[in-house]
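Chains as they are written, first to last, in the working numbering: chain A, -11 to 177; chain B, -11 to 177; chain C, -11 to 177; chain D, -11 to 177.
If you're looking for bench data, these hints aren't it; they were derived computationally from the structure. One should not assume that every hint holds.
Same chains, same names: a pair is fine if it fits in one copy or spans any two.
[What the hints assert, rightly or not] The calculated lysine to any residue pairs, modelled on SDA-like cross-linking and capped at a C-alpha distance of 25 Å, are:
1. Lys75 - Arg91
2. Lys75 - Glu46
3. Lys75 - Asp97
4. Lys75 - Gly50
5. Lys75 - Gln43
6. Lys75 - Ala10
7. Lys75 - Thr8
8. Lys75 - Ala36
9. Lys75 - Asn7
10. Lys75 - His85
11. Lys75 - Pro11
12. Lys75 - Leu12
13. Lys75 - Gln55
14. Lys75 - Pro9
15. Lys75 - Thr13
16. Lys75 - Pro32
Keep in mind the model is a prediction, meaning the values are calculated, not measured.
Number of protein chains: 4
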Amino acid sequence: MSSTATTLAPELAVSEWFNTPAPLTLAGLRGRPVLLHTFQLLCPGCVAESIPQVQRIERVFGSTDLQVIGIHTVFEHHAAMTPVTLKAFLHEYRIRHPVGVDRADPASDTPLTMQRFALRGTPSSVLIGRDGTILHHVFGVEDDIAVGARIAMALSAPAPHALRASASTDEQGCAGGRCEVAAGGQSTD
Amino acid sequence: MSSTATTLAPELAVSEWFNTPAPLTLAGLRGRPVLLHTFQLLCPGCVAESIPQVQRIERVFGSTDLQVIGIHTVFEHHAAMTPVTLKAFLHEYRIRHPVGVDRADPASDTPLTMQRFALRGTPSSVLIGRDGTILHHVFGVEDDIAVGARIAMALSAPAPHALRASASTDEQGCAGGRCEVAAGGQSTD
Amino acid sequence: MSSTATTLAPELAVSEWFNTPAPLTLAGLRGRPVLLHTFQLLCPGCVAESIPQVQRIERVFGSTDLQVIGIHTVFEHHAAMTPVTLKAFLHEYRIRHPVGVDRADPASDTPLTMQRFALRGTPSSVLIGRDGTILHHVFGVEDDIAVGARIAMALSAPAPHALRASASTDEQGCAGGRCEVAAGGQSTD
Amino acid sequence: MSSTATTLAPELAVSEWFNTPAPLTLAGLRGRPVLLHTFQLLCPGCVAESIPQVQRIERVFGSTDLQVIGIHTVFEHHAAMTPVTLKAFLHEYRIRHPVGVDRADPASDTPLTMQRFALRGTPSSVLIGRDGTILHHVFGVEDDIAVGARIAMALSAPAPHALRASASTDEQGCAGGRCEVAAGGQSTD
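Whole structure, please, built from the sequences with the hints as guidance.
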């Protein structure tokens, strides 16, 4: 279900954002822990389990600097899960955190962020540390207690000031070879 | 939450059917109890509560002559809940019973079947007796025990052979005045 | 999990009653449907599942003539589940319906009512019809919808006036051979 | 529902232990985080919520040095919740961690540990740090995510070697004035 890796998280590839005034990048968030929650709006396990869990996470950690980001990683039923439907879905389910539409890959049913993180399906969650490395990723839903523990540990890590300073340059090459490496490193779970 | 009425159920108005080789009509089902479950695919209460309840009903009453029918009564976010999305939704949620798309009313956001039954929103359920009368309707979700009891009572009623014989003629005028009366009769809950 | 039988229910054997001004007998209740719920206060499945279900049943069928009876059928940890502890348990769990302590059998760990009904453990439920016959019995907990349906059917049966008149005589021989027959008849589930 | 205090936890007062070969003291556990879970076996909220949560905690943190301790703090229905009944309860609910019977106070219905920690009722939980101070206490049950986060933080604290050495002397005066202070300090929640 889960694995850990000490690799730097690849950058997000997002074609459209909701619930945020400006696009987000992991590079720009360096210094803060990030919880990436990837889902599809017609995925029963996402609706019944992982989205409610993310909302519980937001309640508990609302006063911390944890950044929760949803990524709509459509890899099936593409015509059924358009951004128009996603927008209404976010409204009906009262999802307030930033949600990005994973950028389609013309050559594949699997969109780009999903490829870069080597995600196996939805729901998947990736916890990214203040230094931009992947602390944990999981396909499916883990126990709330374990999730709370992991996020607390991510929050308690000291902010890596040096890394944060170089974030904007790190970002540049992300769509290239490094994402491939990261994806390869995660494919062992 | 609920009310009972001794009025004849109005006819369905459906623009497209899923999970059935041929369109269904209440008139054609006269003689069998019918559970109408009306929902929207982006309605959280439908997905979390009423659809699982309908699936439990199907398991318990699968060997009886109860007919379960879903009606997708979209009255908001019309562009987000198209038949294309509904079809994928039915696949992902493993909904096997016949589901009809409530026919749009060009003059209203509320589709026609919803208007005829005077439904207040989704989820709503209407239990129709063997004689075609409305035994019970409810906005929201009732206790499973009560639901089981009501359906058992509907099933135990004797089949009304005379009514069944005249069903096809009854159906003709259904879109006219009688539906209006029925809707009026139900608006007191 | 369940079976049906057309045998007359054996009589209860109770050493102490709670929540009733006078002892109850099935013979005395002839004419009304009876739901017997047998449990032990230290049985996790009883506390977590069957007792809450019985309380839901009471809410739904509170205005009918269904009689709910609990029987505390202790067959293990006898020193731990005394009537003193049972009394506090009923108070804390807000159990308001009549509860009888199954009468101990000096020759067995299994108390008498449990033997007579050939119950396999706790929780078990026995639904008894207006005519005093066993309509259904189950070891474990069934789906609420099915339970609601069964009770509705039991309630809809006509009251058997002739049987009711002879109830007090029927009762006499109940502790004898007939209970043995009933127990044998139910041992096939 | 909860409060934090920087006071040293008072010592346990236990008349009988289960699931441990030798009595436990908080002083003897200095250096390890301790989760005290106080309950009564006839407390519905304990059985339905806090005990299952403690068991989830044990699953997630089973490989850490967190010590989970249950304290049976009977403050009502004393005759109904004896150690004999507790022993059977622990067996039936598969509670494997050490459980102590809170020592009765001849002058009060409230037992001694409960008094010392100024607990308001059951279930209550007290999280004690490696240095023996109370990190958190709560009456009722908190969200699993928050509980997981708190325990992770307690586990991540460095072990206080100096404090651990002096633990046995610290323990002596615990039943005296210091417990009063601790109780006073916690009464503000």
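Right, here's what the structure says about each hint:
1. Lys75 - Arg91: both (16 Å within a copy, 24 Å between copies)
2. Lys75 - Glu46: Answer is within; shortest intra-copy Cα gap is 20 Å, inter-copy 32 Å.
3. Lys75 - Asp97: both (21 Å within a copy, 19 Å between copies)
4. Lys75 - Gly50: within (23 Å within a copy, 37 Å between copies)
5. Lys75 - Gln43: within (17 Å within a copy, 28 Å between copies)
6. Lys75 - Ala10: Intra 16 Å, inter 34 Å, cutoff 25 Å: intra-copy only.
7. Lys75 - Thr8: within (13 Å within a copy, 31 Å between copies)
8. Lys75 - Ala36: Close inside one copy (18 Å) and across copies (19 Å); limit 25 Å.
9. Lys75 - Asn7: within (10 Å within a copy, 28 Å between copies)
10. Lys75 - His85: within (13 Å within a copy, 28 Å between copies)
11. Lys75 - Pro11: Close inside one copy (16 Å), not across copies (32 Å); limit 25 Å.
12. Lys75 - Leu12: Within. Shortest intra-copy distance 18 Å satisfies the 25 Å Cα cut-off; inter-copy 33 Å does not.
13. Lys75 - Gln55: Within one copy only: 20 Å inside, 34 Å across.
14. Lys75 - Pro9: within (15 Å within a copy, 33 Å between copies)
15. Lys75 - Thr13: within (20 Å within a copy, 34 Å between copies)
16. Lys75 - Pro32: both (18 Å within a copy, 14 Å between copies)
The structure agrees with every numbered hint stated previously.
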